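Engineer: What follows is each chain in one-letter form.
2 protein chains.
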Amino acid sequence: MSEASPAGEGAPSKKALKKQQKEAEKAAKKAERQAQQAADAEASEGEDYAKDRYGVSRMVQSHEKPDRKLVKVSTLNSDVADQTVWVRARLHTSRGKGKQCFVVLRQQQFTVQGILNVNETISKAMIKFTSGVAKESIVDVEGVVAVVPQKIESCTQQDVELRLQRFYVISQSVPRLPLQIEDASRPKGEEEEGSQAPTVNQDTRLDNRILDLRTQTNQAIFRVEAAVCQLFREALRKRDFVEIHTPKIISAASEGGANVFTVSYFKTNAYLAQSPQLYKQMAIAADFNRVFTVGAVFRAEDSNTHRHLCEFVGLDLEMAFDYHYHEVTDVIGGMFNDIFRGLRDRFPTEIAMVNKQFPAEPFKFLDPPLRLEFPEGVKMLKDAGVEMGDEDDLSTPNEKLLGRLVKAKYDTDFYILDKYPLAVRPFYTMPDPNNPKYSNSYDMFMRGEEILSGAQRIHDPEFLSERAKHHGIDLETIKSYIDSFRFGAPPHGGGGIGMERVVMLYLGLDNIRKTSMFPRDPKRLTP
Amino acid sequence: MSEASPAGEGAPSKKALKKQQKEAEKAAKKAERQAQQAADAEASEGEDYAKDRYGVSRMVQSHEKPDRKLVKVSTLNSDVADQTVWVRARLHTSRGKGKQCFVVLRQQQFTVQGILNVNETISKAMIKFTSGVAKESIVDVEGVVAVVPQKIESCTQQDVELRLQRFYVISQSVPRLPLQIEDASRPKGEEEEGSQAPTVNQDTRLDNRILDLRTQTNQAIFRVEAAVCQLFREALRKRDFVEIHTPKIISAASEGGANVFTVSYFKTNAYLAQSPQLYKQMAIAADFNRVFTVGAVFRAEDSNTHRHLCEFVGLDLEMAFDYHYHEVTDVIGGMFNDIFRGLRDRFPTEIAMVNKQFPAEPFKFLDPPLRLEFPEGVKMLKDAGVEMGDEDDLSTPNEKLLGRLVKAKYDTDFYILDKYPLAVRPFYTMPDPNNPKYSNSYDMFMRGEEILSGAQRIHDPEFLSERAKHHGIDLETIKSYIDSFRFGAPPHGGGGIGMERVVMLYLGLDNIRKTSMFPRDPKRLTP
Chain A
1 MSEASPAGEG APSKKALKKQ QKEAEKAAKK AERQAQQAAD AEASEGEDYA
51 KDRYGVSRMV QSHEKPDRKL VKVSTLNSDV ADQTVWVRAR LHTSRGKGKQ
101 CFVVLRQQQF TVQGILNVNE TISKAMIKFT SGVAKESIVD VEGVVAVVPQ
151 KIESCTQQDV ELRLQRFYVI SQSVPRLPLQ IEDASRPKGE EEEGSQAPTV
201 NQDTRLDNRI LDLRTQTNQA IFRVEAAVCQ LFREALRKRD FVEIHTPKII
251 SAASEGGANV FTVSYFKTNA YLAQSPQLYK QMAIAADFNR VFTVGAVFRA
301 EDSNTHRHLC EFVGLDLEMA FDYHYHEVTD VIGGMFNDIF RGLRDRFPTE
351 IAMVNKQFPA EPFKFLDPPL RLEFPEGVKM LKDAGVEMGD EDDLSTPNEK
401 LLGRLVKAKY DTDFYILDKY PLAVRPFYTM PDPNNPKYSN SYDMFMRGEE
451 ILSGAQRIHD PEFLSERAKH HGIDLETIKS YIDSFRFGAP PHGGGGIGME
501 RVVMLYLGLD NIRKTSMFPR DPKRLTP
Chain B
1 MSEASPAGEG APSKKALKKQ QKEAEKAAKK AERQAQQAAD AEASEGEDYA
51 KDRYGVSRMV QSHEKPDRKL VKVSTLNSDV ADQTVWVRAR LHTSRGKGKQ
101 CFVVLRQQQF TVQGILNVNE TISKAMIKFT SGVAKESIVD VEGVVAVVPQ
151 KIESCTQQDV ELRLQRFYVI SQSVPRLPLQ IEDASRPKGE EEEGSQAPTV
201 NQDTRLDNRI LDLRTQTNQA IFRVEAAVCQ LFREALRKRD FVEIHTPKII
251 SAASEGGANV FTVSYFKTNA YLAQSPQLYK QMAIAADFNR VFTVGAVFRA
301 EDSNTHRHLC EFVGLDLEMA FDYHYHEVTD VIGGMFNDIF RGLRDRFPTE
351 IAMVNKQFPA EPFKFLDPPL RLEFPEGVKM LKDAGVEMGD EDDLSTPNEK
401 LLGRLVKAKY DTDFYILDKY PLAVRPFYTM PDPNNPKYSN SYDMFMRGEE
451 ILSGAQRIHD PEFLSERAKH HGIDLETIKS YIDSFRFGAP PHGGGGIGME
501 RVVMLYLGLD NIRKTSMFPR DPKRLTP
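These protein sequence lines map, in sequence, to chains A and B.
Counting in our numbering, the final residue of the first sequence is number 527, and the numbers go up one at a time with none missing.
Counting in our numbering, the final residue of the second sequence is number 527, and the numbers go up one at a time with none missing.
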């Protein structure tokens, strides 16, 4: 589909086209000039015999398709000792020291040491140039892989270093960075020790997200996040779910108008969907049987907490069941265990990398998952000294306390709290047939924080109308929702999961802004 | 994450809770009454000996967890002949005929015939009841699988029928449907023959989308759509891409403000993203190397055509490359071939099902895909009598014509048109280093319609600024975009794909509203 064009673009004249060509040449010339300057310094002491071995390359504009193969930093180890390789990487650090220059080259999570020594092919001018390249620039280097006698602790590739022979800058960074990658990577413990080591606060990180995301920790966090989505979909496809896509722009603030963002839609107003629930249920009424959807959901809540976002990724599912909504909780519980197992078994490197900066206990879970009933939860809280009514909802502190009590008693960081009081759930929640005070609804928790809310939904339009009236809802405003069930609908249930919360809590992080690549909250709309 | 609560919900009183219990009982009683009425009719002729074998069941409210296993319609064949099975399905049709009743039971794409005959266990009253149940109701039936002497052409399960013994209504449909499933399923040819056979127009379908989606064709279309997403992700993960999520709410109408929806965001205004491009590029600048994202994109274009939507699902990707942007076109081309092959080999049933209603030629593609350069395309058009300038963009009719010419010459429904004139592309497009009139950009086409637009992007901030100025863009408005490249950025390129278009064109459908579950266009915001 066509990429949106920027406004103000007109068709440039032929003259302008020539000008454009000149602009490209200008950039290339600038690069040449810089290489020249380095060479000039040398020139006073005589011709630089290394001058073809370094410099700033012209901009990669797809001039040619050279045969040269670039290898990955992650593949550099003793298996390829003595081979000459080309690597494109970021200049993580560069330190000139007399006739030597040490560099660390970084490629995503991986780092390798490089070294240059003045000799018959490497000139002093080349060392000087290399030492002066700004950190975070992208460079192409040629070097020989050499096994080192002692492990290089500061790099991921600990057994080898690169003896560099050529060094070209592909894309230059400005020399003054708004944050240092080392500072943004400093382990949490060290930050707190009150040492002189500088730290980077959350806002500075987010203001300069492009740099912040380059830390090994962030490279790992967002790979874990991708894994959560992948495992969610794998687990559900395995269970015969079909992926669907639901509209984000909706005509009516169906959930009553609170906490909804308004959109100007041609000559009328529309709203941003707070959840895909209505559409998931329509897909069930339309015979898709089991559906899931991964997509943006929006909450116009003025909540500035560690766990609220105004836009987040919803992992939503809905399914028809045969006789009892525990068929749904079993599926969701099994799915979560598939995710937890998949993360543990397939992404241990990424998890360890995050733990290095943000230490956390390994995530524990039971198979099958623990399902507690609400009254049992209340009893545990009361036994621990909490005063609350039997049908009160759980406050956030009580949720956290219950999480600790459950962990102590059952040794699990994940559990299902089933049978919430009817009074604290939405009108479409199916009441418990055996006890009218309770409902066929559940929340699920990770490390004591809620990550899923769900229920059996009422699929009978008459009963649904009764329940809506009971809640004082004007039936006219939810007519199309109720009408969705007038053409036969199977009993069904489901739930909605906050993706960023799952990643945050699985990894034991303290702020949801760490697991949203470009977070949106009441105070942040950029970058 | 908590499901949004409807407004107006208060905690009901204990009295109210009792009332709620009564409401549930009322629904159950109503069902009983209906069963009773049928029995009563019989009663005048004596006790109904079949009265326990049919009726309207009470609402499934998760009272119990019976052992009874429901089997899938798709599994009913001669392998299970003579077995007694329970099935839950929709009543597709029901036709009483004296002492017999024929029904067709439907489960998603699958149908099976059921038959009831009056005998020592099945009463006349039971036949009457069964014949009177509204179509589209959901029923639980018990029956014996019986091999039939002649294939049942009207059902997907052609070798067997069910000799029904029990028949219970689980969820009733209203008797008057706003559209008939048969009418909505009628093959396109028959529709056009001007016969009396009623048809369902697109708007009626969409107004009653829940019913419309129940057709076998729609069940298949949206399974193909799910497959496209799955194959897209599989193809890219295989090529080391990482999935990311980009914000839909953005602070500035970065593309200039045209065709952008405005959102009220707390005390300020924000906009809905027209594409994730800026964020994909930031992810590349942040070292993710290869990224993709699947998500909603928004275009406030007042275009009422067969191929425009105001909200669609973007399949977007972006990757760093080494030397030449053809590394990118190779990856994208290979990915499309993986999708086409995957659909053909893994989803032949679904494709055939759609073709039954909407006939189309099988989708043809070459491996590797055909890559034409823009001037070659222009030459083909000129040779065919089209008058156009060498650097004019392609009009929609010319795109379609070129698609037919390419099909005739190369026998492919997919091709890449490379090297667009620089003048018709956005400012961030990398100019061709060898010919300033052209650019390192490309569109890709399926059956003559554009489904992807992409390019090598300019990764040098100075050159990007020059190009923006050249296009008359105020640099202040795109400062943060340009600044994204100041800390070193690899050469990169990518593209954006319209998911609904891919599905529409692969299947040879005529309207994008057929491949969007709940489409949004300038005139449609519901359901």
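Derived from the structure by calculation, the hints contain no laboratory data.
Just so it is clear, the structure is predicted and the values come from calculations on it, not from any experiment.
Positions of the beta carbon are idealized from the N, C-alpha and C atoms, including for glycine.
Among the clues, some could well be false.
Now the in silico label distances, taken between C-beta atoms and shown as ranges [to be verified]:
no. : chain 1 : residue 1 : chain 2 : residue 2 : range
1   : B       : K479      : A       : K69       : 34 to 44 Å
2   : B       : A384      : A       : D240      : 43 to 53 Å
3   : B       : V174      : A       : D392      : 31 to 41 Å
4   : B       : K379      : A       : V147      : 55 to 65 Å
5   : A       : T199      : B       : N435      : 32 to 42 Å
6   : A       : D52       : B       : N435      : 21 to 31 Å
7   : B       : S264      : A       : Q100      : 56 to 66 Å
Engineer: So the hint says 56 to 66 Å: do the beta-carbon atoms of S264 (chain B) and Q100 (chain A) match that?
Structural biologist: holds (60 Å)
Engineer: Would you say the C-beta atoms of V174 (chain B) and D392 (chain A) sit inside 31 to 41 Å of each other?
Structural biologist: Check passed, 40 Å falls within 31 to 41 Å.
Engineer: Is the gap between the beta carbons of K479 (chain B) and K69 (chain A) within 34 to 44 Å?
Structural biologist: holds (37 Å)
Engineer: Take the C-beta atom of A384 (chain B) and the C-beta atom of D240 (chain A), compute their distance, and say whether it sits inside 43 to 53 Å.
Structural biologist: With Cβ atoms ~49 Å apart, the hint holds.
Engineer: Indicate whether the distance between the beta carbons of K379 (chain B) and V147 (chain A) respects the range 55 to 65 Å.
Structural biologist: holds (57 Å)
Engineer: Given the hint of 32 to 42 Å, check if T199 (chain A) and N435 (chain B) actually sit that far apart at their C-beta atoms.
Structural biologist: The hint (32 to 42 Å, Cβ to Cβ) is violated, given that T199 (chain A) and N435 (chain B) are roughly 51 Å apart.
Engineer: Confirm or reject the claim that D52 (chain A) and N435 (chain B) have a C-beta distance inside 21 to 31 Å.
Structural biologist: Given range 21 to 31 Å: holds, Cβ gap about 29 Å.
Of the numbered hints listed earlier, the single one contradicted by the structure is hint 5.
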